[in-house]
Every structure is written in C-alpha cells, then in structure tokens.
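Trainee: Take a look at the letters that make up each chain.
2 protein chains.
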Amino acid sequence: MSSEIKRRGLMLVLSSPSGAGKTTLSRKLLESDSAIVMSVSATTRARRPDEAEGRDYHFVSPVKFTKMVKANEFFEHATVFDHRYGTPKKPVTDALAAGRDVLFDIDWQGTQQLKERAREDLVSVFILPPGHDELERRLKSRAQDSKEVVAKRMAKAASEISHWPEYDYVIVNRDLSQALAQIKAILNAERARRTRLIGVGEFAAKLMK
Amino acid sequence: MSSEIKRRGLMLVLSSPSGAGKTTLSRKLLESDSAIVMSVSATTRARRPDEAEGRDYHFVSPVKFTKMVKANEFFEHATVFDHRYGTPKKPVTDALAAGRDVLFDIDWQGTQQLKERAREDLVSVFILPPGHDELERRLKSRAQDSKEVVAKRMAKAASEISHWPEYDYVIVNRDLSQALAQIKAILNAERARRTRLIGVGEFAAKLMK
Chain S
152 MSSEIKRRGL MLVLSSPSGA GKTTLSRKLL ESDSAIVMSV SATTRARRPD EAEGRDYHFV
212 SPVKFTKMVK ANEFFEHATV FDHRYGTPKK PVTDALAAGR DVLFDIDWQG TQQLKERARE
272 DLVSVFILPP GHDELERRLK SRAQDSKEVV AKRMAKAASE ISHWPEYDYV IVNRDLSQAL
332 AQIKAILNAE RARRTRLIGV GEFAAKLMK
Chain D
152 MSSEIKRRGL MLVLSSPSGA GKTTLSRKLL ESDSAIVMSV SATTRARRPD EAEGRDYHFV
212 SPVKFTKMVK ANEFFEHATV FDHRYGTPKK PVTDALAAGR DVLFDIDWQG TQQLKERARE
272 DLVSVFILPP GHDELERRLK SRAQDSKEVV AKRMAKAASE ISHWPEYDYV IVNRDLSQAL
332 AQIKAILNAE RARRTRLIGV GEFAAKLMK
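Protein chains in written order, with my numbering: chain S, 152 to 360; chain D, 152 to 360.
Since the hints were derived computationally from the structure, they do not count as laboratory data.
Incorrect hints may appear among the rest.
Which copy is meant is left open, so a pair is good if it fits within one copy or across any two.
Straight line, CA to CA, 20 Å or less: simulated SDA-like cross-link-like pairs of lysine to any residue [to be verified]:
#1 Lys-173 <-> Glu-287
#2 Lys-218 <-> Leu-180
#3 Lys-335 <-> Asp-184
#4 Lys-266 <-> Ser-313
#5 Lys-357 <-> Ala-306
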C-alpha cells in the first residue's frame with residue numbers, strides 16, 4: 152500500500168464440507184503469503200503422535216480450559232465428544248493490530264460465533280466441492296469404508312453445505328490452482344477495503360496541502 | 152466458477168484526481184480482462200478529431216439528450232460547461248444480466264448518483280497518487296503550464312481527493328503494475344461474492360442429494 156498508510160489485519164474464515172479441498176487450500180495459502188498466519192485452537196484432547204504443540208493445537212488441561220473460558224479468553228469454544236475446543240483471542244487481536252491476517256479453518260457454527268464477536272474484521276469464504284459424485288469419491292477414498300460410514304459422512308457434508316448462504320464469498324473447488332487464486336484475490340481485495348485502512352485521512356491531507 | 156453457477160455482472164467504478172494514473176489503469180484492465188467492458192457516456196459536445204463514436208462517447212444532439220433524460224434512459228447525467236454528459240442505462244443493465252462487468256471512469260458526483268440507483272451492483276475504488284510532489288509533477292507535465300493553471304488543477308484534484316471516504320476500496324498508485332494487480336484482485340474477489348451468484352442453491356441441493 153503505502154509506507155504511511157497502514158492496515159488492520161483481517162480474519163479469513165474458510166469453511167467447507169469435508170472433502171472439498173479446504174485443508175490443501177489453507178496450507179497452500181499459508182505457504183504463499185507471509186502476511187497471514189493460522190489461528191491455532193486450544194483443546195483438551197490428547198496430542199496425537201504426529202501433532203505438535205502450538206502448531207496443530209495448544210494442548211491444555213480441562214482445568215486450564217475452564218479458566219480460559221471464565222477469563223473470556225476465547226472468541227468461540229465448543230465441546231465435541233467430551234473434548235473442548237476454543238479459539239484464543241489474544242494471538243488473533245495481536246496479529247490484527249499489527250496488520251497481519253489470521254486464517255480460520257472452522258465450521259459454520261464457529262463462523263457464526265466469530266461473526267457475533269468480530270463482524271468488521273471477518274471475511275468468510277465457503278468452498279464447495281465440484282459435484283456430488285466427486286464429493287462422494289473424495290469422502291470414500293479416505294479408506295476402505297463401509298457404505299454406512301460414507302453415508303454418514305455425506306450426511307455430515309450435506310449439513311455443512313446447507314450453510315453456504317451465511318458466507319460472504321462462495322467458491323467451487325473445481326481446479327485447485329484456480330480456487331487458490333480466487334482465495335488470494337479475496338484476501339488481497341479485502342486488504343484494500345477502505346474500512347481496514349489506517350492513516351488514509353492524514354495521507355490525503357498531505358496530498359491536498 | 153462452475154458451469155451451473157452463473158453470476159450477475161458488477162459495476163466497477165474507478166475514481167481519482169487527475170494525475171493519479173486512472174486512465175492508464177482502466178486501459179490496462181480492459182486489455183487484460185475480456186469479461187469487463189467500458190461504459191460509454193453520451194454527450195452533446197462535438198466530437199474531437201481523435202475521438203470515435205461509440206468508443207469514446209455516444210455523440211448525440213441536445214434534443215436527443217433531453218429526450219433520453221425524459222425517457223429515464225440515464226443512470227446519471229450532468230451538465231459541464233454547457234455540455235451535457237450521461238451514462239445510458241441499457242448497455243449496462245444488458246451487460247450485468249449477461250454476467251459481464253462494466254467499468255466506469257467517473258468522478259465522485261457520478262459515483263454518488265450511481266450508488267443511489269444501483270447499490271448492490273456497484274463496487275467503487277478510489278485511486279490516490281503516491282504523494283503531493285508526484286501529483287504536482289504529473290499535473291505540471293501535461294504542458295508548459297503557468298503557476299495559476301497548475302494551482303487550479305491542484306485545487307480540483309484536492310476537491311476530488313476529499314471524497315475518498317465514500318468508496319469501498321482505496322488504492323495508492325505507487326507502482327502501476329501493483330495498482331493494476333490490486334484492481335484485478337478486487338474485481339476477481341467481487342465476482343465470487345455470494346450475493347452476485349446465481350444458482351448456488353440448486354448446485355448445493357444437487358451436492359446434498
């Protein structure tokens with residue numbers, strides 16, 4: 152932009168049903184753009200062997216999690232199968248204030264909660280799979296799954312898909328590089344949104360002097 | 152996007168003070184993107200030798216212009232130094248319905264009028280020059296101008312600049328290719344805005360079946 156014009160960071164939410172390529176798109180976006188960082192959730196569930204503290208999750212005890220909830224340290228939190236998950240506020244607000252963007256890989260419920268708490272900073276993108284057969288194929292290909300398991304996954308995907316009208320942007324992931332380009336365009340456009348810019352008034356005043 | 156998902160076109164307004172590079176940016180955008188066309192104004196002023204009917208303007212008689220005003224055929228119109236200028240509606244609404252975008256090179260007054268008539272379709276971008284000295288240099292370099300002429304141009308530029316807060320996006324044209332990339336990002340992002348997409352509901356229903 153300009154050395155004199157700064158910007159407030161934004162919160163980029165990517166949501167999609169499982170099998171729409173969101174994880175790959177998130178990874179590629181983070182690799183290609185150094186001004187955006189991933190939001191790391193806190194969880195009470197145990198760390199898996201391939202997971203790293205601070206990269207995949209902040210692993211905290213149930214007692215610590217409850218303390219964080221009481222101290223209002225989460226943007227949003229939820230309980231899934233006895234485990235608690237939450238988005239810590241401070242790393243996000245610090246990043247935004249420093250003009251860095253934060254990426255959220257969350258579902259429609261998390262998005263709704265973030266929206267209530269950070270409407271102005273939020274940019275939400277819903278990623279759709281290219282078609283029914285392709286979606287089914289992707290949900291199957293994870294393992295040698297039974298029909299019941301795949302049907303259950305499809306039902307879960309369908310439930311997530313039904314929330315597309317709550318998002319600012321909708322992308323169909325027919326081609327990975329095109330979908331990535333579209334997400335990058337959204338990010339770069341939203342960075343130039345007037346309401347996020349700081350110091351334009353002073354810059355304009357100098358132009359007019 | 153998708154063969155099944157269509158989109159309504161958008162109206163992209165570029166405004167800036169004279170000397171901010173808007174004409175070059177408009178031309179390059181039109182050259183690089185076949186889905187956007189320039190809005191051609193109608194005017195009652197005489198055609199200049201280097202101008203072409205239908206490319207630079209639609210040259211019409213004062214009587215014809217008045218008829219068009221009465222028939223509500225303009226989005227916006229204005230009188231400048233005895234000459235009348237107006238943006239014909241039909242080519243714009245036809246393009247939008249066909250999923251094509253329309254570029255407008257208009258000032259803040261024209262933008263305000265368009266906003267009142269086409270809020271949902273409008274995306275407005277304000278382009279700022281990189282600095283006071285650079286702006287003055289560009290306004291001077293047009294000819295061997297007197298101090299008074301340059302001062303008058305600076306005053307006019309300042310008046311236009313003061314309207315930046317009325318725009319959706321603000322760009323500083325420090326580097327032409329960067330500014331162009333930013334305008335393209337805005338255009339491509341806005342094309343994926345949910346509210347412009349047609350048929351997502353049907354597409355999503357098929358995914359969920």
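Trainee: So, against the hints stated earlier in the document, which numbers end up violated here?
Mentor: Violated hint (a single one): 2; every other hint is consistent with the structure.
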